[in-house]
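Visitor: Residue numbers (the working numbering), protein chains in the order written: chain S, 29 to 583; chain V, 29 to 583.
Be aware that a few hints might be false.
Identical copies look the same in the list; a pair holds intra-copy or inter-copy alike.
Straight-line distance between alpha carbons at most 27 Å, and here's what the computed DSS-like set of lysine-lysine pairs gives [to be verified]: (1) Lys-226 - Lys-475; (2) Lys-83 - Lys-224; (3) Lys-123 - Lys-301; (4) Lys-475 - Lys-224; (5) Lys-61 - Lys-271; (6) Lys-226 - Lys-88; (7) Lys-299 - Lys-271; (8) Lys-259 - Lys-245; (9) Lys-261 - Lys-245; (10) Lys-281 - Lys-88; (11) Lys-88 - Lys-61; (12) Lys-281 - Lys-439.
If you're looking for bench data, these hints aren't it; they were derived computationally from the structure.
2 protein chains.
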Amino acid sequence: MQYVAGMALGHEPTASEAVPSFQTSPDRYRHWKLRFDGEVARLSMDVQEEEGLRKDYALKLNSYDLGVDVELADAVQRIRFEHPEVRAVVITSLKDRIFCAGANIFMLGSSSHPFKVNFCKFTNETRLAIEDASQHSGLKFIAALNGTASGGGYELALACDEILLIDDGSSAVSLPEVPLLGVLPGTGGLTRVVDKRKVRRDLADFFSTVAEGVKGKRAVEWRLVDQAVPKSKFEQVVADRAKALAARSDRPKGETRGMTLQPITDRRFLKMKLNPQLRMAELWMRAPDAPAPASPAQLLEQGSDAWVVRASRELDDALLELRMNHLDIGTVVLRTEGDPARVLEHDRFVSQHQDHWLVREVLALQKRALKRLDLTSKTLFAFVEPGSCFAGSLLELVLAADRSYMLDDPKRPTALQLGPLNGGPLPMSNGLSRLQTRMLAEPQRVKEVLSHQGPFGPEEALAAGLVTFTPDDLDWDDELRIALEERASLSPDALTGMENNLRFAGPETLETKIFGRLSAWQNWIFQRPNAVGERGALTLYGQAGQRPQFDVRRT
Amino acid sequence: MQYVAGMALGHEPTASEAVPSFQTSPDRYRHWKLRFDGEVARLSMDVQEEEGLRKDYALKLNSYDLGVDVELADAVQRIRFEHPEVRAVVITSLKDRIFCAGANIFMLGSSSHPFKVNFCKFTNETRLAIEDASQHSGLKFIAALNGTASGGGYELALACDEILLIDDGSSAVSLPEVPLLGVLPGTGGLTRVVDKRKVRRDLADFFSTVAEGVKGKRAVEWRLVDQAVPKSKFEQVVADRAKALAARSDRPKGETRGMTLQPITDRRFLKMKLNPQLRMAELWMRAPDAPAPASPAQLLEQGSDAWVVRASRELDDALLELRMNHLDIGTVVLRTEGDPARVLEHDRFVSQHQDHWLVREVLALQKRALKRLDLTSKTLFAFVEPGSCFAGSLLELVLAADRSYMLDDPKRPTALQLGPLNGGPLPMSNGLSRLQTRMLAEPQRVKEVLSHQGPFGPEEALAAGLVTFTPDDLDWDDELRIALEERASLSPDALTGMENNLRFAGPETLETKIFGRLSAWQNWIFQRPNAVGERGALTLYGQAGQRPQFDVRRT
Numbered sequence: 029m030q031y032v033a034g035m036a037l038g039h040e041p042t043a044s045e046a047v048p049s050f051q052t053s054p055d056r057y058r059h060w061k062l063r064f065d066g067e068v069a070r071l072s073m074d075v076q077e078e079e080g081l082r083k084d085y086a087l088k089l090n091s092y093d094l095g096v097d098v099e100l101a102d103a104v105q106r107i108r109f110e111h112p113e114v115r116a117v118v119i120t121s122l123k124d125r126i127f128c129a130g131a132n133i134f135m136l137g138s139s140s141h142p143f144k145v146n147f148c149k150f151t152n153e154t155r156l157a158i159e160d161a162s163q164h165s166g167l168k169f170i171a172a173l174n175g176t177a178s179g180g181g182y183e184l185a186l187a188c189d190e191i192l193l194i195d196d197g198s199s200a201v202s203l204p205e206v207p208l209l210g211v212l213p214g215t216g217g218l219t220r221v222v223d224k225r226k227v228r229r230d231l232a233d234f235f236s237t238v239a240e241g242v243k244g245k246r247a248v249e250w251r252l253v254d255q256a257v258p259k260s261k262f263e264q265v266v267a268d269r270a271k272a273l274a275a276r277s278d279r280p281k282g283e284t285r286g287m288t289l290q291p292i293t294d295r296r297f298l299k300m301k302l303n304p305q306l307r308m309a310e311l312w313m314r315a316p317d318a319p320a321p322a323s324p325a326q327l328l329e330q331g332s333d334a335w336v337v338r339a340s341r342e343l344d345d346a347l348l349e350l351r352m353n354h355l356d357i358g359t360v361v362l363r364t365e366g367d368p369a370r371v372l373e374h375d376r377f378v379s380q381h382q383d384h385w386l387v388r389e390v391l392a393l394q395k396r397a398l399k400r401l402d403l404t405s406k407t408l409f410a411f412v413e414p415g416s417c418f419a420g421s422l423l424e425l426v427l428a429a430d431r432s433y434m435l436d437d438p439k440r441p442t443a444l445q446l447g448p449l450n451g452g453p454l455p456m457s458n459g460l461s462r463l464q465t466r467m468l469a470e471p472q473r474v475k476e477v478l479s480h481q482g483p484f485g486p487e488e489a490l491a492a493g494l495v496t497f498t499p500d501d502l503d504w505d506d507e508l509r510i511a512l513e514e515r516a517s518l519s520p521d522a523l524t525g526m527e528n529n530l531r532f533a534g535p536e537t538l539e540t541k542i543f544g545r546l547s548a549w550q551n552w553i554f555q556r557p558n559a560v561g562e563r564g565a566l567t568l569y570g571q572a573g574q575r576p577q578f579d580v581r582r583t
Numbered sequence: 029m030q031y032v033a034g035m036a037l038g039h040e041p042t043a044s045e046a047v048p049s050f051q052t053s054p055d056r057y058r059h060w061k062l063r064f065d066g067e068v069a070r071l072s073m074d075v076q077e078e079e080g081l082r083k084d085y086a087l088k089l090n091s092y093d094l095g096v097d098v099e100l101a102d103a104v105q106r107i108r109f110e111h112p113e114v115r116a117v118v119i120t121s122l123k124d125r126i127f128c129a130g131a132n133i134f135m136l137g138s139s140s141h142p143f144k145v146n147f148c149k150f151t152n153e154t155r156l157a158i159e160d161a162s163q164h165s166g167l168k169f170i171a172a173l174n175g176t177a178s179g180g181g182y183e184l185a186l187a188c189d190e191i192l193l194i195d196d197g198s199s200a201v202s203l204p205e206v207p208l209l210g211v212l213p214g215t216g217g218l219t220r221v222v223d224k225r226k227v228r229r230d231l232a233d234f235f236s237t238v239a240e241g242v243k244g245k246r247a248v249e250w251r252l253v254d255q256a257v258p259k260s261k262f263e264q265v266v267a268d269r270a271k272a273l274a275a276r277s278d279r280p281k282g283e284t285r286g287m288t289l290q291p292i293t294d295r296r297f298l299k300m301k302l303n304p305q306l307r308m309a310e311l312w313m314r315a316p317d318a319p320a321p322a323s324p325a326q327l328l329e330q331g332s333d334a335w336v337v338r339a340s341r342e343l344d345d346a347l348l349e350l351r352m353n354h355l356d357i358g359t360v361v362l363r364t365e366g367d368p369a370r371v372l373e374h375d376r377f378v379s380q381h382q383d384h385w386l387v388r389e390v391l392a393l394q395k396r397a398l399k400r401l402d403l404t405s406k407t408l409f410a411f412v413e414p415g416s417c418f419a420g421s422l423l424e425l426v427l428a429a430d431r432s433y434m435l436d437d438p439k440r441p442t443a444l445q446l447g448p449l450n451g452g453p454l455p456m457s458n459g460l461s462r463l464q465t466r467m468l469a470e471p472q473r474v475k476e477v478l479s480h481q482g483p484f485g486p487e488e489a490l491a492a493g494l495v496t497f498t499p500d501d502l503d504w505d506d507e508l509r510i511a512l513e514e515r516a517s518l519s520p521d522a523l524t525g526m527e528n529n530l531r532f533a534g535p536e537t538l539e540t541k542i543f544g545r546l547s548a549w550q551n552w553i554f555q556r557p558n559a560v561g562e563r564g565a566l567t568l569y570g571q572a573g574q575r576p577q578f579d580v581r582r583t
């Protein structure tokens with residue numbers, strides 16, 4: 029039944045693309061050095077050419093693959109949790125005259141279409157996490173470009189608060205994807221250039237078509253970087269700017285004890301079961317089995333095994349595994365089990381202490397894991413059954429689902445319950461809560477639902493618009509089975525496109541623009557023979573004497 | 029040099045896809061009947077099966093091809109210009125039990141990828157013109173669904189102000205593209221369902237996956253239609269609602285004399301020259317050669333040959349010709365010639381009288397033609413040379429361009445000049461003026477530039493950020509030649525994606541969501557083997573006993 033179209037284009041990789049793990053820690057980093065100096069952390073890229081995830085490419089010139097980016101995501105996360113004293117982060121490189129050459133082209137060229145798309149999604153999420161840390165954790169980022177930053181290298185810089193470029197007569201910033209590879213910069217570059225840095229659109233057009241990029245004074249005038257700094261003064265200016273940015277941070281003064289993030293080697297609050305026949309993964313999330321911490325200090329004491337931290341990290345990890353290693357899975361069924369009162373108790377703890385530096389990191393972690401769910405290209409169905417605990421932060425799973433089914437059986441009662449985290453602290457990429465997005469037609473109902481006392485039974489939940497369907501005991505099994513079978517019979521591509529359009533109603537943000545507009549165009553281009561065909565630009569990159577041949581028809 | 033990848037998938041049509049003409053008039057309509065009854069017009073779809081643009085498909089069940097949609101676009105335009113007395117338009121069908129089955133599947137299945145994409149773009153522009161007429165011309169639209177409206181049929185209804193569905197036990201609204209064809213509804217359906225009609229996202233998910241759609245009471249409860257009306261009362265309710273909507277219109281009372289739109293058989297204010305070697309089309313737009321009308325009454329007297337009407341209609345027509353019939357053209361060079369003072373004089377006339385019903389139609393026409401330019405997937409370069417007249421509404425061509433070049437030669441002066449139409453009345457799809465979009469970084473400069481007295485010479489224009497480059501006489505020819513050659517050497521797909529991301533910085537609207545997010549996903553899907561491959565769902569549609577085979581990997 030399965031046939032793989034990419035094979036015709038020679039793009040099915042021979043090596044497995046499965047990712048061994050999304051867990052790492054500084055002592056295991058291969059490609060980054062993380063150094064701390066009081067309120068400033070220094071995150072230096074030093075990619076090891078031969079230590080890529082696959083062996084069919086070499087990571088030259090600080091180019092990266094997914095493994096490099098997993099370390100970057102981990103480093104940012106750890107600075108947030110483990111180092112409350114850090115107020116500014118300098119991102120730079122240990123290579124001479126090169127900051128970062130971007131995603132490795134040979135890796136991209138030899139990757140399957142789904143891998144390319146998922147790789148770009150992960151790197152986008154990592155850059156958005158940097159911006160989230162700046163906006164919500166008071167952690168300011170400086171890109172200290174000690175050499176050329178091209179493609180994904182410049183896109184990493186674009187995610188930082190400030191960009192300093194060394195002015196040595198040769199180092200430039202560039203987005204050479206269009207002229208060299210026939211694809212788009214895949215990590216938010218075009219969007220951030222015109223929407224975040226507000227580079228004038230005609231200058232952005234020119235910039236995005238010259239492979240050598242722009243340097244020095246012109247890069248500053250065009251708003252591509254904030255400063256071009258002579259080599260002799262570079263380190264001093266970087267240090268000064270880091271200090272200035274640190275001064276604007278609202279991270280706690282004098283706090284040095286952080287929470288060490290222990291590796292997730294097993295899953296305690298999340299169970300996953302694969303059903304290949306229905307191409308379905310069932311996830312069960314468990315309520316906490318212990319009372320909520322009495323105080324942020326106690327949470328710190330408990331460490332990263334505390335439910336509020338660990339449950340979200342496990343969800344995050346499971347989603348990445350599903351996306352990258354289980355491409356054939358089309359539907360994710362979201363289930364919960366445990367005591368809803370416990371969930372709400374933990375939520376209240378988070379809500380009450382959200383101004384504490386550690387608790388706001390917890391909240392940001394929960395928010396990002398749920399955003400990762402919204403952005404996962406799998407159908408999401410939530411099943412509300414007896415014994416479930418869809419309350420508060422776990423109710424967000426129902427609200428994130430493309431559809432939800434709630435059993436309506438007086439003998440086996442089910443319930444949903446709202447809590448303080450449903451009212452805004454866990455926004456989607458569009459800036460609205462899932463409840464607001466759901467109730468765009470009747471915004472006043474959001475308030476009504478939030479002020480409802482106690483749990484919602486099936487009938488109330490249906491009337492309030494919280495669930496899609498409430499089959500009774502007789503219909504339950506059949507209705508679910510049919511829904512799952514029908515979903516499995518539909519075109520996986522059409523579902524991905526459909527879900528991407530229905531999930532994000534309402535306002536658009538930089539974030540939704542990157543995942544909606546930019547990524548969709550990139551996915552289109554990643555599929556086009558002009559990029560990935562036998563004579564496509566991406567395929568032929570680096571092959572001496574070979575020039576791409578284009579189907580010249582404009583589409 | 030050219031190779032055509034689509035051929036491998038068996039999707040290169042044998043019949044030519046060139047469109048004979050975008051000009052029509054009611055006496056030549058084949059597929060629509062336009063009837064007037066005082067303040068209500070009735071536009072009835074009655075598609076002739078055998079009169080499609082190509083002969084390899086039959087337009088059964090009021091399904092449509094581009095020819096049908098060209099007539100619809102013309103009808104809406106003519107009601108606006110020729111029938112000031114009309115305040116409400118009823119869109120219905122003359123077929124029994126069927127409103128419209130949407131775009132013809134066999135036409136889509138046998139069309140090339142660029143044709144599919146351009147077809148969808150045109151139909152989207154036509155539906156947006158309906159919404160524009162409602163918002164800006166006081167012309168209200170009722171979709172009177174006398175039978176089932178599926179796919180593009182329902183999407184046409186979604187563009188109307190109100191949707192009335194006959195409640196006869198069988199007629200439904202549906203978006204069956206995902207379940208039946210493995211593609212998305214291509215004419216704004218998903219966006220309008222959740223963003224315009226604000227259907228709850230889980231209900232929208234269910235609705236978009238059931239081929240048979242939703243009817244009767246449920247369709248109303250889910251906000252898919254406004255009323256479900258029993259057959260016996262249908263005509264009466266339609267008439268009542270038309271009357272009620274007409275009462276909300278601000279079109280002139282007692283005005284019955286409109287402006288007949290004469291066919292564009294030759295072009296007087298626009299010259300087009302194709303250069304196949306550089307894959308370039310040069311457009312020259314000419315300034316008016318006569319004074320502006322003294323009053324709206326005089327404009328009415330002059331008829332559609334008046335510059336303010338004819339120049340925009342010619343631009344619109346040329347853009348459609350370029351998009352559909354000259355796929356190999358990658359770059360459009362925008363030039364002007366004539367007296368800039370004349371342009372500004374005509375602009376002032378439009379600006380001063382924009383509250384007059386006819387002049388506001390003129391302005392809306394100019395706006396739509398310029399939006400069509402923004403949305404054209406060709407590189408736009410503007411060349412400002414001696415003798416040009418980039419002033420006011422024609423300056424918008426420079427502001428719409430991806431890049432602009434202005435000659436800086438004291439012996440052969442060039443100039444740009446702003447006028448009243450640059451300050452807002454000609455917005456882009458994102459709701460901002462082209463000047464605002466260009467100056468997102470420094471919004472206060474928009475006002476400065478607008479208040480500048482007299483023309484901008486090259487140096488001033490460069491300093492004000494109105495043009496990209498100002499080469500001198502020595503560099504001019506070389507710099508332009510190199511820019512054109514370089515552009516012609518880049519991947520046409522990458523350029524389309526890049527331009528679509530750089531042109532629309534700033535806010536997103538329903539309109540930009542449709543062209544950015546929705547269309548990009550649709551283009552991706554239109555390229556995927558799961559839709560268009562040998563065993564793809566679109567390819568196999570209607571072939572008895574054939575079921576699509578999917579690559580099940582989720583991307």
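Visitor: Return the numbers of the hints above that this structure violates; sort them in rising order.
Guide: Going through the list in order, the structure violates hints 2, 3, 6, 7, 10 and 12 and respects the others.
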